[in-house]
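Trainee: Protein chains in written order, with full-length UniProt numbering: chain B, 1 to 530; chain D, 1 to 852.
There may be inaccurate statements among the hints.
[Said to hold, decoys possible] BS3-like mimics (lysine-lysine), calculated; alpha carbons at most 30 Å apart, straight line:
#, chain 1, residue 1, chain 2, residue 2
1, B, K99, D, K93
2, B, K351, B, K396
3, D, K93, D, K71
4, B, K99, D, K83
5, B, K246, B, K263
6, B, K351, B, K370
7, B, K378, B, K396
8, B, K99, D, K70
9, D, K93, D, K70
10, D, K640, B, K396
11, B, K246, B, K260
12, B, K368, B, K384
13, D, K442, B, K351
14, D, K640, B, K407
15, B, K368, B, K396
16, B, K368, B, K351
17, B, K347, B, K259
18, B, K99, D, K71
19, B, K347, B, K368
20, D, K437, D, K407
21, B, K272, B, K259
[Stated by the list, open to error] Partial selection, computed: residues in chain D whose CB lies under 10 Å from chain B:
#, residue
22, V42
23, N61
24, M79
25, V554
26, E568
27, K596
28, L616
29, Q620
Honestly, the hints are just simulated from the structure, not real lab data. Every residue gets a Cβ at the ideal spot worked out from N, C-alpha and C, and that includes glycine.
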Amino acid sequence: MSTSESQDIEEATATIAPGQPDDKTRRYDRQLRIWAASGQAALEASRILVLSSSATSTSILKNLVLPGIGHFSILDSTLTTPADAGNNFFLNASQSIGKPRAQEAVPLLRELNESVQGEAVIQDVKELLSTDQGKDWLRSFSIIIAHNLNNDVLAPLSTLLWANPNGPPLISVRSAGFLAEFHIQYHEHSVSQSHSENAPSLRITRPFPALLEWARSLDLQNMDPTDHSHIPMVVILVRALDEWRKSHDGSLPKTAAEKKEFKNSILAMKIKLDEENFEEAEAQAWRVWSEPAVPSDIQALFSLPPLPTSPQHNSTFHALLQSLSAFVSDPSGPGTLPISATLPDMKSDTKNYVRLQNLYRAHAEVEKTKFKEIFAAKYPEIAKTTNPDEVDSFVKNAHHIRVLRGKQWGALDRDREAIVNSLTSQPRETATHLALSALSNLLSRNAEVTIDALNAEVLSTVGQDVDLPEELEAAVGEIARAPTADLPNTAAFLGGLVAQEAIKVITEQYVPLNGYCVVDLIDSWTGVIN
Amino acid sequence: MSGRSRHASAILGQDLFGRLSQTKVLLVGAGGIGCELLKNIVLTGFGDITLLDLDTIDLSNLNRQFLFRKKDIKQSKAMVAAKTASAFNPNVKITPIHANIKEPQFDVSWFRRFHLVLNALDNLEEGNIYGIPAIGRLPVSHSGVLRKLAHGVLALNWPSQVLAQVGLQLGQEVVRRRHTSASAFAASFPSRRGQEPTAIGAPLSMAIFTYQPQGLGLSTRLLVYLILESYRIWTASTTTVQSPHVFEKVVVHHAYLLFVPMRHIVTWAMSPAPAPPIKSADKLWSRAGRSLRDVTLLPPSHARRHVNKMCMAANVPLVESGTAGYLGQVQPILKDRAECFDCVPKPTPKTFPVCTIRSTPSQPIHCIVWAKSYLLPQLFGEDEDGGELDEAEKQGENASEIAALRKEAQAFKAVRAAVRSAPSPTASSSSSSSAAKAVFTKVFQSDILNLLSMADMWRSRAPPTPLDFDQIRAGSFASPPAAKPQPQPNGVHAHGNGNVDGKPTGSSATEILLNGAGGPAGATGAGLKDQRALSLQDNLELFVASTERLAARVRAGEETIAFDKDDEDTLDFVTAAANLRSAAYGIPGKSRWEVKEMAGNIIPAIATTNAIIAGLIVLQALHLLRKSYDALRNVHVQFKPSMPLSAIAMCPPNSFCGVCRDTYTEVLCDPARVTLQEVVDGILGAGQDAEQREVSVYEDKRVLSDPDWDDNNGRTLESLNVTRGTFLSIVDEEGEYATVQVAIGVLPPNHPVDAPALVLPEPLPRPPRKERPRPATPSPPTPSAAKKRPAPDDIEEIDAPPAKRGRMGADTASAVPFTPSKKRRLEEDGLIILDSAEEKIEEQDPDVIEID
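Please take these sequences and the hints and turn them into a complete structure.
Mentor: Here it is as structure tokens:
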């Protein structure tokens, strides 16, 4: 599928400026610099279902069609009202009134990007949920996004998708005027490219042989002063620590006094007052006292309890994770995560920096090979079918992998203790969430939305004896004012925010949020409750 | 009507919603944020929208600028966006303007017509990032740090308007003495030679700020002289920092020397934590670096600052915005109530010392800047007439250096001519190919050989290797070690394919080169073919092919070609030239994909962030229209999964802001018939007040008059180039009153011909008295003319040898606003301009160090 589609894209965009290469790259240039070819390929392979074609839904879809998802379906059986025509940019204004919304919106959305396929399905989700065929169809998507779906339908849908760990994630969005929330439902989401800004360990306390050899070979007293001022700080630290260990029974500086002494020993190596590389080494000395073999969050992943049924799409990731654990505990290995080939910038000259870079690169290659051997021995079947790029990327990002465990939509509301605790710790977010839940319950029953009805609904969720925070009053008042208003700016904002999270989930890059994201655009804040 | 606007009117309230249709809004920019924003304000019910954008549509816009389709490429963004959005709601009036917001017709009166301005400019004026920065106004509020750092301030080359600010903030006398030379100036300071620093006690410190666009172009003479006097000296410039180890031997003389760029000082001063005692430049760097990272996503482009100033002058609320990848920011701006764009200093673009670019590159970016900002303009930019060198010679600069530069310019003339000469019909390809070879041989062989002849330069760094055209083509060239490309699995490069079938092949050959002849490079299908590493031969062929294409364009009538990241020919040229230079210097090469990002200063941009930001802009705009100022927020879209938005309450304006704390007014006049004096006297109410204030008058950074210099007072505004859309800044000489900014507008159409050609504002502006900063504790340096210091000749010899200085060519000239007359003016004003802006202190220059 991806092959034929990518050719379509080439053909579709190749006519603009004949002879210029790579029109697809040019079209997606600014986003490829964020999620790279692997992220783009994941997007292009995705099939997305959106329930409803409200202004918010089409805004979300717009932001998914533009970057180039593979396919989208809109499931919506309603007809366009004048209010829709006034606030939804992806309808043919007044000409669309009275026609099926989905059917009107799909061609306008497809116009945004010719390489994206799209279809309108004029059906009610309730019907689909009542047949096996319908259920299978719903489960066939990569991700499902629902906007303002009432709880009486959303509940069975979320249960259906939750029941099967291989079912698609569900993003349920609710908005009313300036207030909104959305929840991402997934059992488990693994991220191997979190794009974390934290630098991986340079492994100064456990130097690999070539690095240690370099550090030990330096004749600091007699070397050329220029060379002396270009020794990279990594090498200085390794050298200083090596000498420290010799005189301290192999232990690291621990107490404040020892740390100070260690720092002074670095500065004492200077042969001139202003050697910036030594000053940098002193400033980076913290690397020596806080360099765990494996960062605690990664260590925690090694002992993550397995899910009752593990999602298939994560099986490779878990095999890699267990191989990583085996790598760390392998007696012939370094006892740490595989070393990263990327170095931070540091004071040095090109020659020394490149030398250091090559040492790290070569050693990273050695350890990666070792990792691959372990992986192939432990999981021969999986290793055979896994794309080598995926393994490379996993090893490269080993310091930053993440595993998120999610909850079913609505689980929070059913857990009275959790919701009451949340009311205390995050009153503003929780109150707004409760008010929006109450709204959905009322709308499910076709009940009139009043302040009193909303308050009663909230109390039935949290319990009659709970003190409600004053933030609830504001939220309930705002919702009662315009319970069904799909305001264009809220729609635009949510369109961006929800699509952003959907892209993170689809590309498995960056860390998506976990739980309910609550939005108040009157005061311009967002918060996450879980 | 009621049906389609039901949601909006219900939620906004009848009153506000009713007003929206009458609200005139100016939307600046129809790009990523602009498209989203236009859609939002049309849907919200704004009825009268003016949309202005300078740009045309490019293919790379289509991943987020959703009002455009492929068929619209190369058309005006403003026009197409207006058309697409109008179709949605015929009741909305959208006026598209395809123009630059800085054009004179968009003057203060024009801005005043709007109730609201929304800024949705592209994130950066690309191309200005690496290379020569334009000089901006001195950022505000470095008073704290100056107080901490220095007992005195010596400011070189700063316009006195700016100096006045510095002085006032310090509560100290800025050293401004009238001397004609550096040595005389230096002589007015007490000598500390021979004293140990400890004997000096609390050392008298001196902050030196140079106002020069080219990094630390501080006068060698004065700097070294003062160091010898054992002053503690901090030097700062607006831009880059030169490595302190230039002065390593100087440091032994117990001078405490710290190089800090102005922007870091400013950031440092702004940071809330108390500054610790300075231990080393490094510490300050890391502190400044940390706070800099959080500063802003709204880079200080000219257009942003211009719109901000116009909104301050016209007193129109403004919502400013910007995005970069997943990050974004929205900032509402309202004069006198909230910070303006210039209230908080912004990090300035990164620049590099000229010599690093011209002679001693050590990183890929140095080579890219060289290819983009030096080589490409030399070959395909405007022809230089050598006037700059003539001028330099007149001013008595080093003759042998000028001769060397002349020689270089001559050599470039020859290759310029070669690429422009029409190829003969029989040997079309070989002729232009030989032109490309001539260029190659000059810049990658002869010039490098020439540099190699200066043995001093390579004493402490690896010398470059000259490249040989024929050997590389034949595959027999031995490249320097670091330049070897990474082994490529399918590195089928089309060596020798430059002339397929004997005709100039242009980009098809390039495509083969970049993509490999064996078909699509990646298995991903995402087509990232230009991420392939290029071999030396690849780069040579790409250089030849792109030079040929550019040469063909010039021959076909294009007068000049400047770098544009979306112009494949220039991108190929810069990629190839930068990689070849990297190869010569043993620097690793970069793929075309990477070069595009680095040279084009590409900021990732995605639809989602723009959508979020555009939604937030309208919400802030509604707060402004509703005058619910307490609800205004400075909103950031951030990286944290637990908190996607952070909203910060608005800060009051910075009381030292050089933009929004000024008093704005407007005169309507015929600049051809009104003199400078008439305007200034009129605004100051001369003859009415008991005392006449002493003022200096500026237009932007040009000095037009000051109390001791009235040559221009009788000249017309037009003759001084002060016309519609510009501002006259009237700066109080004593610094007691706020600066008056006089916007120049045109006379109304019905103005009687015989009436005076100047209409003053009614009432006249009354600038408030400025805040007095608390007096500083340390006393300023005591001038002592009694001790005669050595004559200038004594220190003349320490100047850097000529061969190592470089010129940036036309770029530098245009970036330096100091005209000769201005220079003279400033010197007479007591500001000492010791050297040309280009003069550099060479890194690791042995001659500089030997002072004893």
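Trainee: Hint by hint, work out which the structure violates, then give me just those numbers in ascending order.
Mentor: Failing hints, ascending: 24, 25.
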